[in-house]
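Peer 1: Produce the complete structure using the sequences and hints provided.
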Amino acid sequence: MKCILRMTTLLALVFGVNVAEASTAGGLSTFWFPEAVTPLAHDVMGVHVEFFVIITVLFFVAFGFILYAILNHTKSKGHKAAQFSMPVTKTQWAGFILPFVGLFVLDYIVMGIPAWHAAVAMEDTQTDAQMVLKVTGSQWKWQYEYPAEGIKFVSNMSTPKAQIDGKEAPGENYLLEVDNKVMLPINKKVRIILMSSDVTHSWSVPAFGVKRAAVPGFIREMWVNIEKPGVYTGQCSQICGKGHPFMPIVVEAVTEDKYKEWVAQKQAEAAKLAASSEQAWSKEDLMKHGADVYDKVCAACHQAGGVGLPGVFPALAGSKVVNSKMLDESGKLIKDAHLDRVMNGKTGTAMQAFKATLTDVDIAGVVTFERNSFGNNMGDIVQPSQVKALR
Amino acid sequence: MTTDTMHAAAGHHDDHHHDEHPTGITRWLTSTNHKDIGLMYMIFGSLMFIVAGLLILAVRAELLYPGLQVMQPEIYHQLVTLHGAIMVLAFVIPAATGFNNYLIPMMIGASDMALPRLNNWGFWILTPAAVLLLIPFFLQFFGIGDGAVAGGWTIENAPLSIQAGLGIDFTILCVHLLGLSSVTGAINVIVTIFNLRAPGMTMMKMPLFCWAWLVTSFLLLLIIPVLGAAVTMLLTDRHFGTHFFIAAGGGDPLLFQHLLWFFGHPEVYVALLPIWGTLPSILSTFARKPIFGYKMMVYDFWAIGILGSIVWAHHMLTMGMPLAGNLYFMYITMSISIPTGMMIFCWIATIWRGSMTFETPMLFALGTMVMFGIGGLTGLVIPDVAAYAQYHATMYVVGHFHYTFMGGAAFGLMAATYYYLPKMTGHMFDEKLGKLHFWLSMIPFNIAFMLMMIVGLEGMPRFASDYPSVYASMNFIISSSAFVLGAAQLIFFYNIIKTARGNGAKVGDQVWEGAQGLEWTLPSPPPYHTFTIPPQVK
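Residue numbers (our numbering), protein chains in the order written: chain D, 1 to 391; chain G, 1 to 538.
Derived from the structure by calculation, the hints contain no laboratory data. Quick caveat: nothing in here was measured; it's all calculated off a predicted structure. Be aware that one or more of the hints could be misleading.
What the hints assert, rightly or not - Far from chain G, by Cβ distances over 12 Å, these chain D residues were calculated: (1) SER319; (2) ASN323; (3) GLY379; (4) GLN386.
Stated by the list, open to error - Covered by chain D, according to a simulated footprint, are these stretches of chain G (three or more residues, beta-carbon under 8 Å): (5) 349 to 355; (6) 463 to 477.
As the list claims (entries may be wrong) - Okay, the calculated bits of chain G under chain D, using three or more residues with CB under 8 Å as the criterion: (7) 135 to 148; (8) 161 to 175; (9) 280 to 290; (10) 325 to 339; (11) 449 to 459.
Built from N, CA and C at the ideal position, the CB exists for glycine as well.
Peer 2: Here it is, written out as structure tokens:
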């Protein structure tokens, strides 16, 4: 009996902790499902809550029988053991088969039918889609493109390294903040096209009820139709290397007007950027811009100070690739030289083709920076216009 | 279990003259005796359990607080991956194989396994396999390579594995060796069961444990070659320019996942079936009542084995398979709940109206039953295509499969250990320590993994060395419970060693009142060679 007391205490303890935690984090009523803000998420939440009610009831029914037996059918209570080993009478057979008929009904009707509807809705990415967002996963950031609007940008995590290393207190949106948020209008069906430039990633925002893999070489699709303005977050959901915990997804849903304003602003920025890659940059400006890009993009692997990680990521300080010519006499790329590496990457390694994600100015800046920092002293510079011509 | 106790105790029974065997280290290196090999498997499994447990405690130390305090993500991913790979491939299977080696000949009235030399070989290729898996982790500290395999124990992100360093190559070789070991073990079980049963021991009279291992062995023969093929294709992709999994050359990264999960899902049943075979006999012993639905459970094992082999892609429902594929894998996976439910029904019916006592093996058997029940139920919702988007690759899944793997398989193995320990050593273990171990395992286990499922539902992804601040308090509780859970296992090993060294009351042939089966007709500990003359089973 002591055993039963302990078991009850155990259960009370576990559920006590659960309930206490739940009251602070969204509530038991939705079984910890985050607030649903798309039609799909409502579907998914409906299915989720229904299922959890079912399994909770099933658990307590089965556990009830076990507990009853543990309490009553014991030697210490002098209970004589019955000797049955299979159902014999018709009533016993009925009692035996009933749970499985019940389970079959639960599986294929109570759970199966709503699940079918939600699954079909999930795949219907094209009917009445009003806009397209292209998402490309790459180690360890997300690139977003709005093909119709001509907008393209990269979204990097903006949580400072000092916070991760514990040198500063974590901020409010620790690990869930980015430099460029994805903006989406509310009440519009957005078809999301997923791709990857290196390994498999997975784009997920729990509040939208979507999660889908970005598989290199293939196109995957999903859709959202956000009902409520707000900022929604998620994280990469497929282990994709060392930066896996550090590639968050931040989507801001805004009204149609605000969205249009943002599009106009982004387009203006893009025009300015295009113009800036035409103009000639001074070495100081390139170095300054390059240092920023280096910290954001390159330092994750090649480390601050260009020292690399021995055996894993090569050092840039004193590197042969960096400290040699990168363009031939006619101004063409020399294969496997510095600029070629940065623009086209090295296949089979984590060094990706950065021409896909960085602008002309970024590439010119970072290459100039690397050639003239960390003790490298090549003295030469690359102009954004040269990079543009080499694409 | 020390050699001396085993040997000395076996020597007391003068009706067995065949106990001459090499002594010292040669006995173990060259042994073709099923009990010696069984013990070595169990010791190997225990060591691996301790290694993998320590790895995960380091991981939980990192997760105590948000931010990176203990290690960088590179190391973190290696530790998590090694923990999974070792627990699944080098702990659960070898430990369960140890029990089959030790028990199957005794249960069916045979003198040994049918292929004793193959048996020896099967064990000894495990050791280099474990070394191969672990050694890259240490090499990195000497500047060689970039550490152990780090893409999760399923290494399912093939493009990532192609990028990775020598850890993957070592793992591929290790998987081949482990696979060979499993295949030799499986062949041995099948041949033994089909050929060496004592007169009168018909198939339908065999203990459920033998049936479970028969199904397990056929599953292993089906899936291990597929795993071997998959990792070999990965190896040629990495080094010989093939393009099986590289889209740029016409390959498909998902092909690897299909092959891997074709192995990986039945693997779950490989880990669980031996436990499902043991539980009914423990429950029946301590309820003093025959097993309910013996035939039903035999059919259940086969049903689960067959269904378990055709449901693999429910691990890939967010990978963008066609709708028809998603729906097929959802419905076929749900169907597994029916034989599994039937099995749990039989377990409950076995204790129902019994006359129960609660010794440690019974406590663990009941605990396993309830924990596996939670694991099964929380798994029932996962294959649902819609809700899957919410669960996949979150800590919810991690919590769920720990309820099945640790709550089902590891606790089940502990139940079996306590049940057979007196038979193996001839001495009763310390009941008080056993009960303490039970409660110190169950309580932190439930707190840790229940909360883990909840943070997962709230959205915390797995394989994350760092997490947003909202999950901080939960992770703190999970980590603290994990430390208690880890420490509690020391009691278990202390208790085993103490018993094996001859502490505790001597036990007779029939250790437990009401235990059924040929193994209980033998002395405790059983002599070196059992059943030189096959017993007649009525």
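Peer 1: Was D/GLY379 rightly flagged as not at the interface, with every chain G Cβ beyond 12 Å?
Peer 2: holds, 33 Å
Peer 1: Are three or more residues of the region 325 to 339 of chain G within 8 Å, CB to CB, of chain D?
Peer 2: Per the Cβ count (8), the hint holds.
Peer 1: Just to make sure I understand the rule, a stretch counts as covered if three or more of its residues have a C-beta closer than 8 Å to a C-beta of the chain. Does the region 135 to 148 of chain G meet that for chain D?
Peer 2: Contact hint for the region 135 to 148 of chain G vs chain D: holds, 5 residues under 8 Å.
Peer 1: Can we confirm that no CB of chain G comes within 12 Å of the CB of D/SER319?
Peer 2: At about 18 Å from chain G, D/SER319 clears the 12 Å cut-off, so the statement holds.
Peer 1: Is the listed coverage of the region 161 to 175 of chain G by chain D valid when you require three or more residues with a beta carbon under 8 Å from a beta carbon of that chain?
Peer 2: Our answer is that it holds, as 3 residues pass the Cβ test (under 8 Å) against chain D, meeting three.
Peer 1: Just to make sure I understand the rule, a stretch counts as covered if three or more of its residues have a C-beta closer than 8 Å to a C-beta of the chain. Does the region 280 to 290 of chain G meet that for chain D?
Peer 2: holds (count 4)
Peer 1: Can the region 449 to 459 of chain G be counted as covered by chain D under the rule of three residues or more with Cβ-Cβ separation shorter than 8 Å?
Peer 2: With 6 residues closer than 8 Å to chain D, the region 449 to 459 of chain G meets the three-residue bar; holds.
Peer 1: Does the no-contact call for D/GLN386 survive, Cβ to all of chain G over 12 Å?
Peer 2: The assertion about D/GLN386 holds, with a minimum of 28 Å to chain G.
Peer 1: Quick one: see if chain D covers the region 463 to 477 of chain G, three-plus residues with Cβ-Cβ under 8 Å.
Peer 2: Our answer is that it holds, as 11 residues pass the Cβ test (under 8 Å) against chain D, meeting three.
Peer 1: With a C-beta cutoff of 8 Å, work out whether three or more residues of the region 349 to 355 of chain G approach chain D closely enough for the coverage to hold.
Peer 2: Per the Cβ count (5), the hint holds.
Peer 1: Is the claim that D/ASN323 lies outside the interface with chain G correct, judged by CB distances over 12 Å?
Peer 2: holds, 23 Å
In this structure, every one of the numbered hints holds.
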